[in-house]
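Going down the list, the protein sequences come from chains S and B.
Take the first sequence: its position 283, counting from 1, is numbered 283 in UniProt numbering, and each next residue is one higher.
Take the second sequence: its position 52, counting from 1, is numbered 52 in UniProt numbering, and each next residue is one higher.
Keep in mind the hints are simulated off the structure, nothing from the lab.
The reader is advised that the hints may include incorrect statements.
Since the list can't tell identical chains apart, any single copy or any two copies may satisfy a pair.
[To be verified] 30 Å max Cα-Cα, derived DSSO-like pairs, lysine-lysine:
| # | residue 1 | residue 2 |
| --- | --- | --- |
| 1 | Lys36 | Lys272 |
| 2 | Lys36 | Lys261 |
| 3 | Lys203 | Lys293 |
| 4 | Lys261 | Lys195 |
| 5 | Lys106 | Lys287 |
Computed from a predicted structure; not experimentally measured.
In case you want the letters, here they are:
2 protein chains.
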Amino acid sequence: MSNTHKTTLEPEDTLNGAGHYDPNFTSHVISAIGPKTDPRLREVMTSLIQHIHDFAREVHLTVDEWTSAVTLINRAGQMSTSTRNEGQLLCDVIGLESLVDEITFKKAAAAKDAVTQSAILGPFFRHDAPLRNLGDSISFDTPKDAELVYMHGTIMSASTCEPVEGAELDIWQASTNGLYEQQDPDQIEHNLRGKFRTGKDGKYGFYCIRPTPYPVPDDGPAGELLHMLDRHPYRPAHIHLIVIKQSFKPITTQIFDAESKYLDNDSVFAVKDSLIVDFTPLQGNEKAGLELKYDIHLAPVD
Amino acid sequence: MSNTHKTTLEPEDTLNGAGHYDPNFTSHVISAIGPKTDPRLREVMTSLIQHIHDFAREVHLTVDEWTSAVTLINRAGQMSTSTRNEGQLLCDVIGLESLVDEITFKKAAAAKDAVTQSAILGPFFRHDAPLRNLGDSISFDTPKDAELVYMHGTIMSASTCEPVEGAELDIWQASTNGLYEQQDPDQIEHNLRGKFRTGKDGKYGFYCIRPTPYPVPDDGPAGELLHMLDRHPYRPAHIHLIVIKQSFKPITTQIFDAESKYLDNDSVFAVKDSLIVDFTPLQGNEKAGLELKYDIHLAPVD
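Isolated chain S (complex conformation):
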């Protein structure tokens, strides 16, 4: 003798929202996390599973749609190399990198004990930029359509406003063709890139070019997503910088040209009002027609 089993697929009237689905499924998945799991990982994965499941139920996500997404994400991994991170770019175009940047920045600011090194470097940072002398230029074989800029300012303590000696400023920017030197065989190595150290007065100064807008690489899955979402791939004109000095919290940021296009619709959502700067005319300097004065206030580590 044997039991009789059946698989029945019977029509129902309608889908009555997310409540239509097994109410215990998500808690079952979360409760599979074992007792030896790192507490922070448990916290993160519990929230991730809850939100991803809520999303799927909310939009009644189908197998076909989910399969398309898996294929797109797999292709992003397959396209990624040591010089291209397509998974990161996919996150960027939905604002996730900018959001975790905000979170990390505020977490670091709130922490009593941290010199948090976590920060967005972006795909074009290089650890080995050369140390240059104050007053040097980072622009070699400057293209004809570039405007030269004298960028300078004082690095000081946010709590005392005293100048900070020996702070290291690491700067990098794209050329007017939208390419960083490692993307562009026509630029010499370390073009538009360099480190500078402040003197006793906390001052720094160097020559660079006025940045110009450029598109993020749009020949992969992130570009396809932007296209499907009827969005452009452009970033507003910006300069990257990192400031490091022992006993202060490091800063990694980007500053944006106030006159640039795309300030209101950066394809990776990195613009904050406090990071918008003005390039102003500079008189009587043969090396540059523009000036950018930019002071940097470092938070002491308690």
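Dock chain B against the given chain S, drawing on the hints supplied.
The following block gives chain B in isolation, referenced to the frame of chain S:
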């Protein structure tokens, strides 16, 4: 003259929950979706962006944590091939494939007009399984530790209980070493795989083996995630099946051995009570010591 700008990083007392962050950021990202976007894609991406951002704020996700996740997901893509889908497996271990299966099944059942083909095939389905004769075996060079089973039943209309002639049943299962034939050079092609068509009486019957539990591939990012979450990689013993017949809705499912380990903690959360079946002793049949009677009720397309 130039303006003075500054970047300030000032300590704050605490993070006051998700409300601490820019309340307009997520709506800014969502509103970037352009007017030419497909309405369904807009619906899906709006919900996805909202939930992913809510998740990041809820757990105060840091850049380091996000970077680790991007690296893991990129590696899943790099590991994926025509015979291995690691991105899919990552979703499976957080229950997402099972959830979209439930959603798709209910959506198909609710639709008046659909013969929805969307269904979980899993990574080991092959479109080209051979059509076999009723009463054949799908097991060749049966391993010594396998128990042979006569699986049979009637395919009928869920609305009239009339038998359905000419329904096609596509069956596949792993061997007792946990491997499907395309993973295992020691199995002949199409071992433990085959299609059967019902006769006038709607009946089908064939010989197979009692399925055994096996681990999902755990040598990649999905395995690392399972390990970090202190979870095992095992699936309960199951047989895959697809049933297709014109003017009925197709069924893709798995049936699970009631006596298997891991029914309560399937590593990919696919078990449903209605899919658990009993293998019972079979007397007087030289070809098999067990029987599985399994009737299948197909929903007519209106």
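Evaluated hints:
For a Cα distance limit of 30 Å, the shortest separation of Lys36 from Lys272 across copies, 27 Å, qualifies, whereas the shortest one inside one copy, 41 Å, does not. In this assembly of identical chains, the alpha carbons of Lys36 and Lys261 lie at most 30 Å apart only when taken from different copies (22 Å versus 51 Å within one copy). Proximity of Lys203 and Lys293 under a CA criterion of 30 Å is satisfied intra-copy only: 11 Å inside one chain copy versus 84 Å between copies. In this assembly of identical chains, the alpha carbons of Lys261 and Lys195 lie at most 30 Å apart only when taken from the same copy (28 Å versus 60 Å across copies).
Taking CA atoms no more than 30 Å apart as the test, Lys106 paired with Lys287 passes in neither setting, with 39 Å inside one copy and 69 Å between copies.
Hint violations for this structure: number 5 only, all remaining hints satisfied.
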